[in-house]
Amino acid sequence: MTLPFAIIAGLTVGSAIAAMSLRNLVHCALSLVLTFAGLAGLYLQLNAEFVGFTQILVYVGAVSILIVFAILLTRSTEPKDEPTTVTPWVGISVAVGAFLTMALAVLASPVGKRIAAPAPEVSVKTLGQKLMTDYVLPLEVMALLLTAAMLGAVIIAMKDKEGSR
Amino acid sequence: MAELFAKLDQFPVTLKAWLMNLLQGFLPEWTLPLVSAAISITPILAVFPLMFALTTVIERKGLGRIQNRIGPNRVGIPLTNIRLFGFGQFIADGIKSLIKEDVVPRAADKVVHFLAPIALLIPVLLTYSVLPFGKNMVPLDLPQTGLLFFFAVGASTELSVFMAGWSSRNKYSLLGAMRAVAQMVSYEIPLILSSLTVVMITGTLSLTAIVESQATVHFGFLHNWHLFTPWGLVGFFLFLTAAAAEANRTPFDLPEAESEIIAGYFTEYSGFKFAIFFLAEYLGLFAMCGLGITLFLGGWLPPVNIAPFTWIPSWCWFLGKLSALIVLFIWLRGTLPRLRTDQLMGFAWKFLLPMTLINLVVAALWHLLANNIPLVARWPLGFAMLAVPYWLLGRSFEAKFTKREYRFAN
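Here the protein sequences line up with chains A and B, keeping their order. When we follow my numbering, the leftmost residue of the first sequence carries the number -14, and every step to the right adds one. When we follow my numbering, the leftmost residue of the second sequence carries the number 28, and every step to the right adds one.
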């Protein structure tokens, strides 16, 4: 474990915890953005430059704005003074249990003992060519899905009141 | 003679190499990358804020001239009669904003309010790290993802604007932030799509390689700037329009429309935090101009490959083009009125977006037909393919805004 990894991982996990435990929704959203940025940092550490910067462009740049707008348009951001009604211990124990099971399974699996294949020279060009040849069908399906979602959103938003024109 | 000029051109690079050589003697090994980065950062932090300071004075003087008044012309060197045509103004302004009281509203969200200007300035400064300022002068060369880095880091400023507006607990701030975010998100699409043409033609995301791809020469003297192609010409103006909106410049400065919402998202900022917003806004504009220069105006290349032009150092060309674009933006600010919000959004989605998409098709055809159709026929063909939609789209726009409808006033 190197020092940069420790810093990024700490930041990611810490901000994720903050995103769950803070009372003000906008603060939660901002912490979540920090988590996204930390994940991008982890991608960059793995030499996945393209994925890392795309993560920042899409999640920090766009998804965060979406979340924030959704919060502002739907409810008040003022934190309520009510005490927390849900005790966190059940959730924490489930999460720790799940993490331990997965960690043990990963450590016990033979994958880790395999000799790592030499990292292939992945350029943005090869990524693009793969997307346009081998993975063109998933790409198109995703594009269709997104277009359908966008049209649906427009239709929902377009619903005018009777006689408002 | 030419060698001397080549040495002058590479002077910053040799200076850094000399400094690193000197420091290698007595600094421990692990500090060297950090020191190298610090030396690369220093000129950015020195040149561009200074340019911002001078721009504020030039802008006020230029706007003054356009509006038939004089503008600042008093402040020079204190305790003397030297006035420097008012160019001491920015020092006075800087000192003023440093010693002013920093007022934070009682209802404000203190932490977010404090973090917002920092979260705005840092990404803006980061965008400078991939711009090639001169030959061999790029602080961080990302051969795979240079342009993507620029847009990714630039996109994260939107959230800082929101943070500033929301944390102030002021309806004008929030309105300004909402306007700013909506505008930046909308105009980011034409911005990225118009620069995508260059990526399609050059086949690379590296900004250094994009500049070098424009170094080939036409007719024995003219550099192959992307501006000189039909898609590049149109792409550059689309890029400039989107960049003006992205940087909140007039005619797209609705987020801080003084006459309606005071100062938009930084209404509740005072003292040096306000100065940081001001600085970040201008630095963002400079970075956008720098990217436009790199993509379309040949970066640090001179326009023609003839002796007196090639003698001028490459970084002088870059800074010269940047200054010219800044003056253009000042001119635009003095000339154009502000848009209305619906006009702004309509312009982005109904005009800029279709135009950038058509431009992408034209760029693809330009590339694919390179061997089949000679340049003499390809240029007018490409230009016509862009001019006709421009006319059609623009016409429908004009028709829409000729008759004004007053809904809330008679």
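Please note that a few of the clues may not be correct.
[Stated by the list, open to error] Capping the alpha-carbon separation at 30 Å, the derived lysine-lysine pairs in DSSO-like fashion look like this:
| # | chain 1 | residue 1 | chain 2 | residue 2 |
| --- | --- | --- | --- | --- |
| 1 | B | K43 | A | K144 |
| 2 | B | K198 | B | K127 |
| 3 | B | K198 | A | K144 |
| 4 | B | K88 | B | K34 |
| 5 | B | K137 | B | K123 |
| 6 | B | K88 | B | K137 |
[What the hints assert, rightly or not] Each pair of labels, with its calculated beta carbon distance range:
| # | chain 1 | residue 1 | chain 2 | residue 2 | range |
| --- | --- | --- | --- | --- | --- |
| 7 | A | A101 | B | N398 | 40 to 50 Å |
| 8 | B | G298 | A | V96 | 55 to 65 Å |
| 9 | A | V121 | B | G121 | 50 to 60 Å |
| 10 | A | V81 | B | G298 | 17 to 27 Å |
| 11 | A | A101 | B | V403 | 53 to 63 Å |
[What the hints assert, rightly or not] Not the full set, but computed from the structure, chain A residues with beta-carbon under 7 Å of chain B:
| # | residue |
| --- | --- |
| 12 | C13 |
| 13 | Y28 |
| 14 | V45 |
| 15 | G46 |
Note that these hints are calculated values from the structure, not bench results. For glycine and all other residues, C-beta sits at the position ideal for the given N, C-alpha and C.
Agreement of B:K198 and A:K144 with the hint, judged by alpha carbon distance not exceeding 30 Å | Holds. B:K198 to A:K144 sits at ~28 Å (cutoff 30 Å).
**Q.** 30 Å Cα cutoff - pair B:K137, B:K123
**A.** holds (23 Å)
Given A:G46 as an interface hint, is the shortest Cβ-Cβ distance to chain B below 7 Å? At 3 Å from the nearest chain B Cβ, A:G46 passes the 7 Å test, so the hint holds.
Is the straight-line distance between the alpha-carbon of B:K198 and that of B:K127 30 Å or less? holds (24 Å)
B:K88 and B:K34: Cα distance at most 30 Å?
Status violated; Cα separation ~36 Å.
May I ask you to test the interface hint for A:V45 with respect to chain B, counting a Cβ-Cβ separation under 7 Å as satisfied?
holds (5 Å)
Self-check item: Assessment of proposed distance window 40 to 50 Å (beta carbons of A:A101, B:N398)
Solution: Holds: the Cβ-Cβ distance is about 44 Å, inside 40 to 50 Å.
Worksheet item: Taking the CB of B:G298 and the CB of A:V96, does the distance hold inside 55 to 65 Å?
Response: Between B:G298 and A:V96, where Cβ atoms are some 56 Å apart, the hint holds.
- Message: Between the beta carbons of A:A101 and B:V403, is the distance compatible with 53 to 63 Å?
- Response: Because 56 Å falls inside the window, the suggested range holds.
- prompt: Is the Cα-Cα distance between B:K88 and B:K137 30 Å or less?
  reply: violated (37 Å)
Open item on the list: Would the hint on A:Y28 be counted as holding, given a Cβ-Cβ threshold of 7 Å to chain B?
Closed with: violated (11 Å)
- Task: Classify the hint on A:C13 as holds or violated, based on whether any CB of chain B lies nearer than 7 Å to its CB.
- Result: Result: violated, 12 Å to nearest chain B Cβ.
Hints 1, 4, 6, 10, 12 and 13, counting from the list given before, are not met by this structure.
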